[in-house]
Structure formats: structure tokens, C-alpha cells
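Peer 1: Sequence:
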Amino acid sequence: MTDARIDGPLLAPLTAGEWGDDEYAAFGALLGLPGEKVPRAGTGHPADPLRFDIIGLLARHPKMARKFLTFNGWLLQRGELPLRLRELAVLRVAHTRRSAFFWGEHTRVATEGGVPEDDISRLAEGNDGFTGIDRLVLEATDELLVRGSADASTWQRLTEELGTHQAMELIFVVGTYVMLAMAFDTWRLDAPAGSASLPGPTSNSYHQHKRPSDEGGDCGQSDPGAGPR
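Per the UniProt record's numbering, the sequence shown runs over residues 1 to 229.
Honestly, I wouldn't trust all of these hints.
Claimed, not checked - As a list, the in silico DMTMM-like pairs of lysine to aspartate or glutamate whose alpha-carbon atoms are at most 20 Å apart: (1) Lys-37 to Glu-18; (2) Lys-63 to Glu-80; (3) Lys-67 to Glu-112; (4) Lys-63 to Asp-22.
Hints are computed from structural coordinates only; laboratory data are not their basis.
All values reported here derive from a predicted model rather than from experimental measurement.
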């Protein structure tokens, strides 16, 4: 089957004139502000919604965006999972799913949050060099990406090391960013100007997990590790 490619994005962020009460309320859900307190589009404010293409895209469906951004904002700003572990998981999702946007954006988030650049580079090569809870989080993320679930033994280790709340959050972080990568790669959202380039795919072990169908499980389970291109 031939993919009839169309030049340019399939969905564009809102323009300044398209922002209204519902759209500001959606962005406010992420910022923790009522819609009337959100900076207006086109003002040049640091929180001007025109500065954030991802928000301008989601706000094309403001009612859905408001609900989603309430959840996503809590996960990012008030969740219990430490920033370092969260960003290792998000970057692994971005690299495995070949999402240039999220690799660029979350390389910035990770480095600003104190994750060393060497760790980010190493993550793109696999799990070698990571130990302890870092490696456990990466291994759990790999299992979720390839099989759609973490092994029982992995879950037990996560709850022992992180507690139930943080272990639960990790699964929701991985699932959220897989979903977002699907959406923004479908709409062809470009990586922010000047952001880190997505490293090439690796043949290291984290791409080599067996699928359930390889082990006599659900033959209808596809391998999401291949990811959207």
C-alpha cells in the first residue's frame, strides 16, 4: 500500500484569532489558572499560547484538551514520580517511537531538570551503563512499549523500589506519551527550532523483547516498538 504523502502538517496550531474562551480554559487547565487569567494569544507573554504548538494543536478540540491537560498537568507538575525517572521513560518512548518532537522537547525538559547530557546520549544506545532504579524504569518502559504490559516480576520490583503510587504513574507516563507521539507524528508536528536531533535507532537489546505472540500469547498483539515513522 502506498502512503500518499502530503507536504506540510496535516493539522496546524490555532492562530491568534482562533483562540476563544473554551480554548483559553483548556490551556488554563495545564497552567492551573482559570481561562480568563491565561495570557492572550499574540501578546508575547512567556505563557502566550502561540509559543506552544502542542497546545495550539490540542486546543482545536478544547473540551477534550481541557480534560486531558488537567490530567497531563497533574502528572507533570504534581505527580510523585521523580522528574529524572519520568524523563528517562519519556525519552525512551520518544526514541523507540521515533518521535523527533518529543525527543527534542523532552531533552530540554530533562536537562533543565538536572538529567546529565551523557545519560541522555547513553539512553539512546540502550540500557548499558544504567543501574539501580534507572535501569529498572528503562526496562519496565521497554516491556510496556513492546508487549503492552510489564512482567509481574518487573511490577513487583517497581512497587518495592518506588511504592505503588510511583509505579502506577510510570505506566501512565509511558502510555500518555505513546498516545501523544501517535497524535503529533500523525499531524506532522515539527520539533522545536534548535532542539536536540533524534538519534538513529539502535539494534541493542531493548528493541529485542519478545512479543506475547512469540511466547504463545495473544497473536493479535502488534509490536509497537516499530513505532510510527
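Peer 1: All hints, please: hold or fail.
Peer 2: Now for the hints, and whether the structure bears them out:
1. Between the alpha carbons of Lys-37 and Glu-18 the distance comes to roughly 17 Å, so the proposed pair stays at or under 20 Å and holds.
2. At most 20 Å may separate the alpha-carbon atoms for a hinted pair to count; Lys-63 and Glu-80 exceed this at roughly 27 Å.
3. Using a Cα cut-off of 20 Å, the hinted pair Lys-67 and Glu-112 is violated, with the two alpha carbons roughly 27 Å apart.
4. With a C-alpha separation of about 7 Å, the suggested pair Lys-63 and Asp-22 falls inside the 20 Å cut-off, and the hint holds.
Violated hints, listed in ascending order, are 2, 3; each of the other numbered hints is respected by the structure.
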